[in-house]
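With chain A held as given, fit chain B onto it using these hints.
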Amino acid sequence: MVSARSVSVGPSSLGYTDLPWIIQHREDRCTLCGRCTAVCPKEAIYLAYRRQRMPKLDVLKQSRGNEYRTFVGIRQKTNMANACIGCSMCTMVCPNEAIMPVPNTNEHRTLFFHNQKGQPQTRGGRRNVSGPNLLDRIMFDRISMLTDPALDAGRHEFSLTTTLGRVLAPEEFLKRQREGGWIPPTREIFPFIIGSMSFGALSPNMWLGLLQGVAYCNEVLKIPVVMCTGEGGCPPWVLKSPYLKYIILQIASGYFGWDEIIRAIPHMQCDPAAIEIKYGQGAKPGDGGLLMWFKVSKLIARLRGVPEGVDLPSPPVHQTLYSIEESVMKMIQTMSTAFGHKVPVYPKISASTSAKSVLNNLVRNPYAGGLLIDGIDGGTGAAYNVSMDATGHPIASNVRECYLDLVAQGKQNEIPIFAAGGVGKNGNVTQNGLALIMLGASGVHMGKYIMQSVAGCLGNEKSRCNVCNVGICPKGITSQNPKLYRRLDPDLVAERVSEVFMAIATETKKIMAPLGRSQSLPVGMSDALGISDKDAADRLGIRYVC
Amino acid sequence: MCRLALKTAIEPFSPYEVLTAMEAMQEGYDGSGLGLLLRGLHFEDYKYNPKHPILSGIAHTEAAWQRLNAIMEQRGFELKYDHEFQTHPEMVEAKDRYRYFLRVYKMPASFDDKSQEAIENELMLTRLALRANGEAHEKDLTAFSFWPDVAMIKEIGWPLDIGNALTLHDNRITSRVCMAQGRQNTNYGINLYACHPFFIQGVATMTNGENTAFVPIRDWLLGKHFPGYTGYQSDSEVFAHILHYTLKQLKLPLQAYKHIITPLKNAELDAHPQGSFLKGLRDACRRLIIDGPNAVIGTLPDETCLLVMDHKKMRPATVGGRNGAWAIASEMCGVEALIPDRDPSFDFQPMREHTIIVPPDRKELTIWSQLDPYPLAQVA
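Top to bottom, those sequences are chains A and B. Quick note on this note's numbering: the first sequence kicks off at 1 and runs consecutively. Quick note on this note's numbering: the second sequence kicks off at 547 and runs consecutively.
Mixed in with the good hints there might be a few duds.
Said to hold, decoys possible - Okay, the calculated beta carbon distance ranges per label pair:
no., chain 1, residue 1, chain 2, residue 2, range
1, B, D816, A, R302, 22 to 28 Å
2, B, D816, A, E495, 26 to 32 Å
3, B, D659, A, V317, 57 to 63 Å
4, A, E495, B, A817, 28 to 34 Å
5, A, E188, B, D628, 52 to 58 Å
6, B, D889, A, R155, 31 to 37 Å
7, A, R178, B, E663, 16 to 22 Å
8, B, P596, A, G180, 40 to 46 Å
9, B, D816, A, G154, 47 to 53 Å
10, B, A655, A, R543, 50 to 56 Å
11, B, A817, A, I265, 57 to 63 Å
12, B, P886, A, P366, 58 to 64 Å
13, B, P799, A, E188, 21 to 27 Å
Since the hints were derived computationally from the structure, they do not count as laboratory data. The model shown is predicted, which means the values in this text are computed figures rather than measured ones. Don't be surprised by glycine CBs; every beta carbon is placed ideally from N, CA and C.
For reference, chain A alone in the conformation it holds in the complex (with noise of 0.2 Å):
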């Protein structure tokens, strides 16, 4: 049957309560300014003119007639395509609070609609699961009451770094030590580390905070925090500075940015923190980088080596060579010796269930510095959202089971483990990186947490946002427009990673003085967890409490 083409409403067709976010506009306060739709990164809202019947009767002459008015007023778009994304920035800048986008409680059916032209829906954020998740729910209940009072917090000295290396058994060092053999370099890092986000997906004013911000908290606040690349290389200017011992350089499958770290080698003035060679991340394992053509600037391209907009996804995996083993062997082996085996060498995976046959691997490696696992809750500025949802392995049990594996071994101190996934997701950041610290991760990296708590970053688990792949960053964090990242600030982002750190740093005394530490980072300290969940106790092997 043919249909009724009189009729404008198609499968695709939705109105305003299909949508996530409606937005509430307030025409008595609006002074049409046009700030809000000027800003607004999905050109989800539009002005437009109204004409509105005004009846009119003359009760005198007994006469009935009309009148029309024409106004302008604030639409919202309802297209997939310029759906609101909830980021809030027109309420941000409307002068008078006339407009702010309500999160839909009603089930919005654009759900069925992401995949407009056969296309999955791709995104930035994280796994869309909100509320508490494991790592908020551990408790450390083993405070010191009867024999040692807690310590305070703030009058005693604390350690508070980690090892970031391998470190040899203390035999082996003894021996080595004696016979002027290689001891395999460490660096004595803050365990709180900025996880990697490429230059490329972050824009250059973010960049240029971060880095500004981890200068600050070594050089003035004595809080030795170390920041990862991410794939896509790093400025010649910060290869050749000072501050590249704050800087792990990530290498990943696409080896984008490495033509020129390689050619900075030999103007290196000191050696980066470390070398991350990425082989899998947690929000999107099986995937690599995917960077779109819109954020491949004139900047990017050059760093990266390649045209300026083209699209740049990389590979899922590294493929150099025949087997997993041997490129994880001899691309550690080769890094390593790039660097005159003086900075760590270490891949990072996506928690899974095969993440300890890797860590065995790594254990009989001696160029191995350690291992990152980045768990299901790990974010990203871009994947497939079926990958960031439903692909992956949870960190906290992942880790317990790595780190216990080693301490069969006897070998947690030779092979330090990194968590990542979902650290500070709900805030808690510093509990969440005890608490997997505590599991037996020698420190944590964080990436998401970052973004929003340094530069604000709007995306949360709710769908909000979460555009960092199109290169839309309504606060100018993950987008390779000037127009878009001069919104930010680089000072005022160094100033809150300064205020971030600084904070991470008094709440982990906070929760090391009342158990009784302050010597050493409490790594694998189980016996002071607590959690009310039977089945999540044993998997974990700490306590069940009620």
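Only chain B this time, still in chain A's reference frame:
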């Protein structure tokens, strides 16, 4: 928080002296246990050859006693002397004490060809075999030590009561070194093996305070799969094992112990003459960093005595004495009670960086600081 007392003197003395001195510190223990370790032994009714190992422990039943004899015989140890305590069982809380034993054995002839290390291993494995045997039989056999010139007594109750119950004041046993601990039971069950001092292959320590880093340290030591690194009924047992690991496994000098359990801060290591070596040592032994507050008092096979504090230095452990006799106690009043005829103005409370070493000649003590150069230049 337990109370600790150690006396070391050229002239052997009765352990009862130390128990009496413990009375001065009795606010600090709750009668949940007493541990005694004697070195440099002298028996009134037996001329003891200090090369012969002494087995100390408790047989809780006659069956255990028979099994003990069988095990020792089977391993080729020949009984030379069996010290019989004059006991007053009614003065002891526990009722399942068939026999406190302190027996001197002669090593089997087969040991003549063995290296010192192999002999030490055999002695330890014998003690562990006895302990395992007891644990397999409802804990009816407890073995504390099996080592030349070392005797140990552990019992649940008040120190002086136990001394009286075993008639330790009769001077039948005297020693040149005596370590004693009055236990304040904390978060672990009342257990004979949980009483300090802890002993492994000639190395003994006792500690007060709580070891908050116990679990990671224990996990690491267990990972060494060394048979003697076992037990851990008390969080303080790891202090003895770390000292053993430092001296016997790593073969480092005593000074390294302090660098391992409480490494210097980064800034201090940067300024230290062997800073880079010590940083490496700290990293390699990172899981052995203790997190007190603790005072660790120890003794070694050559009768060297030592005292170290944790980094926080929240304990008042004190050392004092005179040429020929020294006392280390967890409280100043303990030193006063142990050696009243000394000049108290020379008493010393070590700070966080100090290791106090009373050498076997007992002439004067050494106050060694971590900030001093490390004594093994060729290693560093």
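So, going through the hints one by one against the coordinates:
no.	hint	result
1	B/D816 - A/R302: 22 to 28 Å	40 Å, violated
2	B/D816 - A/E495: 26 to 32 Å	29 Å, holds
3	B/D659 - A/V317: 57 to 63 Å	58 Å, holds
4	A/E495 - B/A817: 28 to 34 Å	33 Å, holds
5	A/E188 - B/D628: 52 to 58 Å	56 Å, holds
6	B/D889 - A/R155: 31 to 37 Å	35 Å, holds
7	A/R178 - B/E663: 16 to 22 Å	19 Å, holds
8	B/P596 - A/G180: 40 to 46 Å	41 Å, holds
9	B/D816 - A/G154: 47 to 53 Å	26 Å, violated
10	B/A655 - A/R543: 50 to 56 Å	52 Å, holds
11	B/A817 - A/I265: 57 to 63 Å	31 Å, violated
12	B/P886 - A/P366: 58 to 64 Å	59 Å, holds
13	B/P799 - A/E188: 21 to 27 Å	25 Å, holds
The structure fails hints 1, 9, 11 (numbered hints given earlier, in ascending order).
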